[in-house]
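Visitor: Residues per chain, in single letters:
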Amino acid sequence: MSRETARSLRAVRTIRRARAEGSSRGDVVYAVYAGVMVAAIVGVPIVRAVVLYLAEPAASAVLVDVGPTVSGTVFALACAAFVALGGVRGPALLSPFLIFAVAGGGHPRRRTLLGPVVRSVLALAVAGAGIALLPALVVAGVGDATVGGALAFAGAGALVGVVCGGCWLLGQRATAAVRAWIVVGVLATWVVWVAVPGSSAVLPWGWFASLFPAGGLAAGAALGWGALAGLGVLAAAAIAVAPLLLDGLRGPVLLSQAQRWQTAGTLAFTGDLAMAMGEFRAVPRRGRGLAAIGGGGGLALMFARRDLVGSLRTPARFALACAGCLGFGLLITVAVGASGPGVWIAACAAAIAGFLALGVWSDGFRHVAEVAAAPPLYGVSTLRLLGLHAALPVVGGVVFSGVGVGVGGMVLGGVPGGGGGGVGVGVGVGGGVGIGVGVVWPALAAAVLCVMLLVLVRVYDSAKGPLPLALMAPVPTPAGDASALVVAAWQADAVILSGVVVGVTVASFAGGVVGGVLVAVGLGAVVAWLARRRVLAG
Amino acid sequence: MSNAIEASKLRLSIDDVALLQPTSIRLAAGEALAVTGSNGSGKTTLLRILAGLARPTSGAARIHGAPVDERSPAFRRVVSGSIGRPPVARDLTLEEHLALVAASWGSSVDEARERAAAELERWQLTALRRRFPHELSSGQSQLFALALAVVRPYEVLVLDEPEQRLDPDRLGIVIDVLREEIAAGRTVVFATHSVVLRQAIASRILRLGGDGGDAGSDSSDTSDSSDSSGSDA
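As given, the protein sequences belong to chains A and B, one line each in that order. Here the first sequence stands for residues 1 to 538, numbered as in the working numbering. Here the second sequence stands for residues 1 to 233, numbered as in the working numbering.
One or more hints might be untrue.
Not everything, but these chain A residues come out facing chain B in the computed CB check (under 7 Å) [claimed, not checked]:
1. 2
2. 101
3. 105
Quick list of the computed label-pair ranges, beta carbon to beta carbon [to be verified]:
4. A:195 to B:8: 45 to 55 Å
5. B:14 to A:298: 27 to 37 Å
6. B:85 to A:34: 27 to 37 Å
7. A:300 to B:72: 48 to 58 Å
8. A:468 to B:139: 36 to 46 Å
9. B:17 to A:177: 15 to 25 Å
10. B:72 to A:36: 38 to 48 Å
11. B:85 to A:370: 44 to 54 Å
12. B:72 to A:259: 14 to 24 Å
13. B:90 to A:376: 46 to 56 Å
14. B:8 to A:123: 43 to 53 Å
Just so you have them, the derived chain A footprint on chain B, three or more residues with Cβ under 8 Å [stated by the list, open to error]:
15. 80-94
16. 165-173
17. 192-204
The set of hints was computed from the structure by calculation and includes no laboratory data. All C-beta atoms in this analysis are idealised placements derived from N, C-alpha and C, irrespective of residue type, glycine included.
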């Protein structure tokens with residue numbers, strides 16, 4: 001079987017190569033050239049700027065302080081994220097036709113799908129090593145660590161990449177329910193690691209954190225090479241189970257992922273990122289017994305109920321929205337309590353989290369945008385329809401971000417520079433954080449106002465049309481055509497706007513709550529005007 | 001003779017909504033079963049279960065003695081089918097598609113190309129061999145989808161309304177090819193609304209749903225037929 005499989009795959013490759021499109025040597029050379037140029041022109045300056053910034057005394061002190069915690073947390077969250085991602089787009093991915101013709105054939109999937117998985121895992125290992133190497137070299141450069149320690153951390157980063165690859169494949173293999181349990185389990189172990197002193201020795205997040213080449217945990221020195229060996233065993237286990245996972249992949253899942261990815265790629269290539277993202281939005285399969293239309297109370301309650309029940313029919317998305325809003329509230333608390341650049345970093349992180357989370361509850365806005373472009377369907381105006389669909393994101397956002405502010409107050413409360421439980425939860429760059437009880441109420445006010453602003457941004461984003469052709473025109477600069485930057489800015493306008501409104505609002509709270517409220521109201525008026533103009537133009 | 005297909009009380013429902021009422025099938029090699037019924041009666045669902053693309057809520061199916069499991073290479077070797085539009089590569093011609101599929105089943109490149117040419121000839125698609133999938137008419141696309149399903153080795157063929165979008169002449173091609181396949185000992189299960197196709201191919205009929213569908217001519221010239229809400233064939 002193995003020899004026959006190899007022969008078949010060789011024959012398939014021969015036929016594919018006979019068709020030059022997409023895989024000619026020239027294409028590969030051009031892709032390498034483009035990649036090198038982008039890395040040299042865009043990547044290197046960014047990396048250099050980050051390294052120089054982190055090498056500043058204040059920043060490197062924070063890096064040494066929070067490096068282990070952040071390392072372990074990133075590892076845990078990445079594992080959970082890759083498991084979840086596997087349900088949407090796994091590493092075992094070919095074009096739909098090759099899934100049909102090759103993976104649907106009579107050969108074991110451990111052979112036919114091995115190639116894309118190996119490439120994905122290798123890419124993750126390289127990325128893991130590179131991402132780990134960056135802070136490690138910074139702390140080594142400022143004399144807080146040895147080069148050997150930095151290289152060991154980079155090696156651990158590569159192993160973490162392999163483990164993440166295993167999680168990705170596991171997520172692709174698992175059913176939705178199992179996937180959800182795995183994600184919950186991973187996050188639970190992360191909470192244990194954060195909350196229980198001494199758990200670092202038995203949890204991989206602690207192993208990775210202990211290898212951070214400076215500062216860190218008390219347990220770090222004791223773990224040492226054992227931690228690296230533990231990560232190695234974990235990575236080896238991920239590689240060992242990969243064939244079993246590949247053989248267990250189901251054809252319909254593989255085909256639907258391949259088709260979705262191909263469609264999204266086509267849409268993204270044409271500049272329609274919103275439609276591309278829509279390809280990955282879960283479709284409801286549960287909760288058809290829940291009554292979306294029912295009860296009384298007029299249109300407002302009817303639409304609120306309809307949106308809530310509709311959202312509950314995709315439970316995983318609903319949970320993500322709740323968690324995202326909770327994280328948004330927590331980050332707002334951090335931002336309000338921070339000083340210096342830390343305010344903007346935490347506020348922008350909050351804006352992204354909040355924008356993404358509220359996107360789940362913005363299906364109604366998207367529906368209105370579609371309806372507005374068709375013959376009249378509902379008996380109310382487009383603007384009123386938008387208002388009716390705003391109840392769920394506003395109420396949901398306020399409730400869960402309020403909980404997040406409360407959690408933030410409890411976790412970070414009264415701990416200058418962070419620190420809670422077994423490991424430090426310090427946040428703050430170039431300024432530091434000191435969360436006191438007095439921060440909670442301003443943070444709550446800021447969170448509520450920012451939710452309102454983000455809902456308006458969501459309305460603005462939902463009415464976004466196709467990419468204007470004018471943006472495709474060349475923008476000559478001494479460094480070349482900058483039209484790609486213009487297009488990228490257009491694609492990300494809502495995210496940028498979210499960062500600006502949340503950042504300015506949070507920053508304005510430094511001058512007092514009243515000032516913050518006034519600024520937020522002013523920003524709200526501007527965003528509402530932008531949204532209204534876009535909606536009516538559509 | 002052992003059964004090529006043996007399914008017992010297959011049922012699929014989602015949230016109490018029945019997509020397929022309990023259905024049983026027993027077919028020998030070389031038989032052809034026409035699955036009929038009105039829209040929504042569960043024809044495609046039954047085919048998807050037999051092809052391993054959907055899992056029944058209850059009941060079990062075995063094909064050539066082994067449980068239906070799409071993850072098993074052995075199962076995939078036995079069962080082929082055309083249910084819905086097949087995925088195609090936009091950068092491959094029809095001939096290349098067929099050759100690639102044939103090659104993936106163990107043929108050398110030359111053998112695969114010969115196999116593809118023969119299949120194109122059989123489906124009278126030779127004139128279109130250099131076309132890309134998007135350059136086909138809907139009827140030509142349907143013939144090409146069927147050709148993709150039979151260019152590979154298999155024992156059981158599962159087809160969902162193979163007559164779709166075909167004119168009478170092209171339907172005649174489908175009938176000829178399927179007769180050849182059945183004569184070679186292969187088992188065919190197909191959902192259809194075409195009386196012509198059913199009468200030409202089917203040795204047995206399974207009617208799903210209880211509202212009559214196109215049952216008027218079900219028993220015309222076939223050797224066996226079943227009419228059921230809890231269907232058996």
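Visitor: Honestly, which of those hints from before does the structure not fit?
Guide: Structure breaks hints 1, 11, 13, 16 and 17.
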